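Line by line, the protein sequences give chains A and B.
In terms of my numbering, the first sequence has 245 at position 245, counting the first letter as 1, and numbering is strictly consecutive.
In terms of my numbering, the second sequence has 644 at position 235, counting the first letter as 1, and numbering is strictly consecutive.
By construction, these hints were calculated from the structure, which means they are not laboratory data.
Keep in mind that this is a model prediction, so the values were computed, not measured.
In this text, a Cβ means the ideal position worked out from N, Cα and C, and glycines have one as well.
Please note that a few of the clues may not be correct.
Below are the DSS-like pairs computed for lysine-lysine, each with C-alpha atoms no more than 30 Å apart in a straight line [stated by the list, open to error]: (1) A/K389 <-> A/K132; (2) A/K319 <-> A/K25; (3) A/K390 <-> B/K538; (4) A/K80 <-> A/K59; (5) A/K375 <-> A/K163; (6) A/K160 <-> A/K361; (7) B/K538 <-> A/K365; (8) A/K365 <-> A/K375; (9) B/K538 <-> A/K361; (10) B/K538 <-> A/K163; (11) A/K27 <-> A/K59; (12) A/K325 <-> A/K27.
From the structure, some residues in chain B lie toward chain A, with a derived Cβ separation under 7 Å [said to hold, decoys possible]: (13) A415; (14) T417; (15) P625.
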Amino acid sequence: MLRRLGLVACALTLWLGLAYADEPKLKIGLLTIQSGPYSAIGEQLEHGFRYYLEQNGQKLGGFNVDVVALDTGASPAMAKSKAEELVQRERVQIVVGPIASTEALAIHDYMRDAQTPLVSPSALAEDLTQRKASPWFVRATSATGQLSHPLADYAANTLKYRKIAAIASDFAYGYEIVGGFQRVFEDNGGVITKKIWVPLNATDYSSYISQIGDVDAVYASFSGPAAQNFLRQYVEFGYKDRVPLLASHSTVDESLLPEMGDDPIGVISSGHYSPTIDNPENKEFVRGYRERYKVAPGFYSAGGYMAAMLIDTALTGFKGDLADKAQLMQALRAANIARSPRGAITLDEFGNPVCDVEVRKVERKDGVLQNTIIKTYPQVSQFWTYPPKKFLADPVYSRDFPPLRSGDK
Amino acid sequence: MNQQLAITYLLGSVTYGGLLFLLTSGFCLIFGIMRVPNLAHGSLFMLGAYVGVAALRSGAPFAVALLAAGGAAAALGAIFEAAVLRRVAGDEMRQVLATIGLAFVVGDGILAVWGGNPYRAQAPLALRKSLQLFGAVFPAYRVAVLAIAVVSAALLWLLIERTRMGARLRAGVDDLEMTRALGVSAPALFTSAFALGSFLAGVAGALAAPIVSAYPGLDFDILPLALVVVILGGMGSLAGAFVASFVVGGLYIVGPVLLPELSYVILFLPMAITMALRPQGILGRSAR
Numbered sequence: 001m002l003r004r005l006g007l008v009a010c011a012l013t014l015w016l017g018l019a020y021a022d023e024p025k026l027k028i029g030l031l032t033i034q035s036g037p038y039s040a041i042g043e044q045l046e047h048g049f050r051y052y053l054e055q056n057g058q059k060l061g062g063f064n065v066d067v068v069a070l071d072t073g074a075s076p077a078m079a080k081s082k083a084e085e086l087v088q089r090e091r092v093q094i095v096v097g098p099i100a101s102t103e104a105l106a107i108h109d110y111m112r113d114a115q116t117p118l119v120s121p122s123a124l125a126e127d128l129t130q131r132k133a134s135p136w137f138v139r140a141t142s143a144t145g146q147l148s149h150p151l152a153d154y155a156a157n158t159l160k161y162r163k164i165a166a167i168a169s170d171f172a173y174g175y176e177i178v179g180g181f182q183r184v185f186e187d188n189g190g191v192i193t194k195k196i197w198v199p200l201n202a203t204d205y206s207s208y209i210s211q212i213g214d215v216d217a218v219y220a221s222f223s224g225p226a227a228q229n230f231l232r233q234y235v236e237f238g239y240k241d242r243v244p245l246l247a248s249h250s251t252v253d254e255s256l257l258p259e260m261g262d263d264p265i266g267v268i269s270s271g272h273y274s275p276t277i278d279n280p281e282n283k284e285f286v287r288g289y290r291e292r293y294k295v296a297p298g299f300y301s302a303g304g305y306m307a308a309m310l311i312d313t314a315l316t317g318f319k320g321d322l323a324d325k326a327q328l329m330q331a332l333r334a335a336n337i338a339r340s341p342r343g344a345i346t347l348d349e350f351g352n353p354v355c356d357v358e359v360r361k362v363e364r365k366d367g368v369l370q371n372t373i374i375k376t377y378p379q380v381s382q383f384w385t386y387p388p389k390k391f392l393a394d395p396v397y398s399r400d401f402p403p404l405r406s407g408d409k
Numbered sequence: 410m411n412q413q414l415a416i417t418y419l420l421g422s423v424t425y426g427g428l429l430f431l432l433t434s435g436f437c438l439i440f441g442i443m444r445v446p447n448l449a450h451g452s453l454f455m456l457g458a459y460v461g462v463a464a465l466r467s468g469a470p471f472a473v474a475l476l477a478a479g480g481a482a483a484a485l486g487a488i489f490e491a492a493v494l495r496r497v498a499g500d501e502m503r504q505v506l507a508t509i510g511l512a513f514v515v516g517d518g519i520l521a522v523w524g525g526n527p528y529r530a531q532a533p534l535a536l537r538k539s540l541q542l543f544g545a546v547f548p549a550y551r552v553a554v555l556a557i558a559v560v561s562a563a564l565l566w567l568l569i570e571r572t573r574m575g576a577r578l579r580a581g582v583d584d585l586e587m588t589r590a591l592g593v594s595a596p597a598l599f600t601s602a603f604a605l606g607s608f609l610a611g612v613a614g615a616l617a618a619p620i621v622s623a624y625p626g627l628d629f630d631i632l633p634l635a636l637v638v639v640i641l642g643g644m645g646s647l648a649g650a651f652v653a654s655f656v657v658g659g660l661y662i663v664g665p666v667l668l669p670e671l672s673y674v675i676l677f678l679p680m681a682i683t684m685a686l687r688p689q690g691i692l693g694r695s696a697r
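Isolated chain A, as found in the complex (with noise of 0.2 Å):
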């Protein structure tokens, strides 16, 4: 009897367990940051993406997800040995991350010969989506220069600005924002009169700040600490005051507002989220996401919540192999997202979506430092109003392209 009893309980065992591998299971691997100076944007992108799961069961299309999170600590050559590990190691079916641009590159061909779908929540780099573009990257974000078209049409024909200096961070994500806004406010009968490179380990900005000289704005781009010092002394040396300043969404990025006092108040900005959007989802999402973390969502919450979404649109009705990659990847790349925090968005043929894009500009409600939208730009497209093939013809965004027009040095 025990004997059988046994022999029932194996085979009961060995049916359920059966049973269990066959229900269809997603695994996706994150490539955040977890440790040194950058972790706060991990946690934050960590944060979004999770909150998705959460707020959907761990089900994304109705499957069940496991998620293996891994740290890259924001240097290329981890991102690239980690995604190897998710790759091959733990076989994952798809990539989400990593965050920073110089890590998505890093990983970008590795990811294109594992055959391994990419869903990159943050990487802004312009040729991701252009001129590297593979078919195995999809984008939940932007790209660089599609954030700062539209607010460099907004500075010319809105604002009706003439001449405008430029300062930013030394690095490609400064050059990609400065020449996208270069571009079109030049294509807009404005000129940039300099481009003020500041370096990444700067700790006073007084020096490239006094080189602004005699302009109608100010366009800068900084991010986390840089953002805050730059806005600071830009203030303190009694700039604010006398040159308006446009900006590139990070540099009033949601999650250093409450740090920056009432240096940014005025500021005005472009970005493809902020929580004052105005739709019920991104109520919904702001309200829930501020009741679990305490703070109000940004760029990285928004990125993680985002790629989420668009795996979840793209795998809802789904009746391939989710063990066949290439499957997965062409939902991925079919997915068109009606209705979301970041209003609707579709993906063009380069995987990369087609959005809404916000002009934005600082103000204090509540006591609180906010986004407000001034303006829509809707359904921008990564190359704003050119037609591709002769955008691609143009090198990428540099420190020296598009170059200075004017000889005001």
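The hints should help you fit chain B onto chain A, whose structure is shown.
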């Protein structure tokens, strides 16, 4: 360059120089006595910045916040010297490596306690404004920093030249073996030097916080500046560090304006030249 800009640059240079002197005086002191370049110096500076911000937020007056920052850094420095460095005394390579270890521990500790977002420190209310000086706009707080740096330099000079502890420190720098033979306890000397050096780093950090903010990564943004100053000034020479601080302050502020393409190397070029032509630095003595 017009007059207004010239004044901005001049003021910027001397105030930054003042801040650099506070940062490097502690480094110099420790190196002078112990012959150990303390690579955790930037971390003690960063700790000072965070403690200063925390103290200010709990409502402490600015002077108290400065002392709290200095005290925290001094306590950590003294404990580290007594508990770690002393165990590897005489082995300079291991001591240097131990200071790097401390730098990582402090960096991660700060991340664990304060998280990764930058903190903004507020200058004292009376200094939270900009001055009009000869047509140039300049933040009042920076002028105060310069004054504090000069006063600190004077106090430090008095401490070293006019007190018994200072005499022991000087004797230790000159000839450690003879000083010990005369009955001065080397461990006590080392610990007090390390604590004093750390105190200065902590105060400098808190003082710099309203200008540079407290953020993770500040430690290794600031450490190279300290190294450049001491190499230029002469390892272990306080007077040299004083002069070099203002030279480097000037280079740091004016360099990127005159030679924007060289803004990354502008500080290290003079350092490399100094090392090649005058390895002992501006006011340093030649190697023992």
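How the hints compare with the structure:
1. A threshold of 30 Å between alpha carbons decides the hint, and for A/K389 with A/K132 the separation of about 14 Å falls inside it, so the pair holds.
2. With a C-alpha separation of about 14 Å, the suggested pair A/K319 and A/K25 falls inside the 30 Å cut-off, and the hint holds.
3. The straight-line distance between the Cα atoms of A/K390 and B/K538 is roughly 50 Å, outside the 30 Å bound, and the hint therefore fails.
4. For the hint pairing A/K80 with A/K59, the CA-to-CA distance comes to about 28 Å; that is within 30 Å, so the pair holds.
5. Note on A/K375 and A/K163: the hinted pairing holds, with a Cα-Cα distance of about 22 Å set against a maximum of 30 Å.
6. At most 30 Å may separate the alpha-carbon atoms for a hinted pair to count; A/K160 and A/K361 meet this at roughly 17 Å.
7. Pair hint B/K538 plus A/K365 holds up; C-alpha atoms about 24 Å apart against a cutoff of 30 Å.
8. Proposed proximity of A/K365 and A/K375 is supported: the alpha carbons are some 18 Å apart, at most 30 Å.
9. Taking the CA atoms of B/K538 and A/K361, the gap is about 24 Å. The hint holds against a cut of 30 Å.
10. Simply put, B/K538 and A/K163 have alpha-carbon atoms about 29 Å apart, close enough for the 30 Å limit, and the pair holds.
11. For the hint linking A/K27 to A/K59, the alpha-carbon distance of about 11 Å falls within 30 Å, and the restraint holds.
12. A distance of roughly 11 Å separates the Cα atoms of A/K325 and A/K27; the hinted pair therefore holds under the 30 Å criterion.
13. Checking B/A415 against chain A by beta carbon gives a least distance of about 10 Å; that is not within 7 Å, so the hint is violated.
14. Among the interface hints, the one on B/T417 holds; its C-beta lies about 5 Å from the nearest C-beta in chain A, closer than the 7 Å criterion.
15. Interface hint at B/P625: satisfied, since its Cβ lies 4 Å from the closest Cβ of chain A, which is below the 7 Å cut-off.
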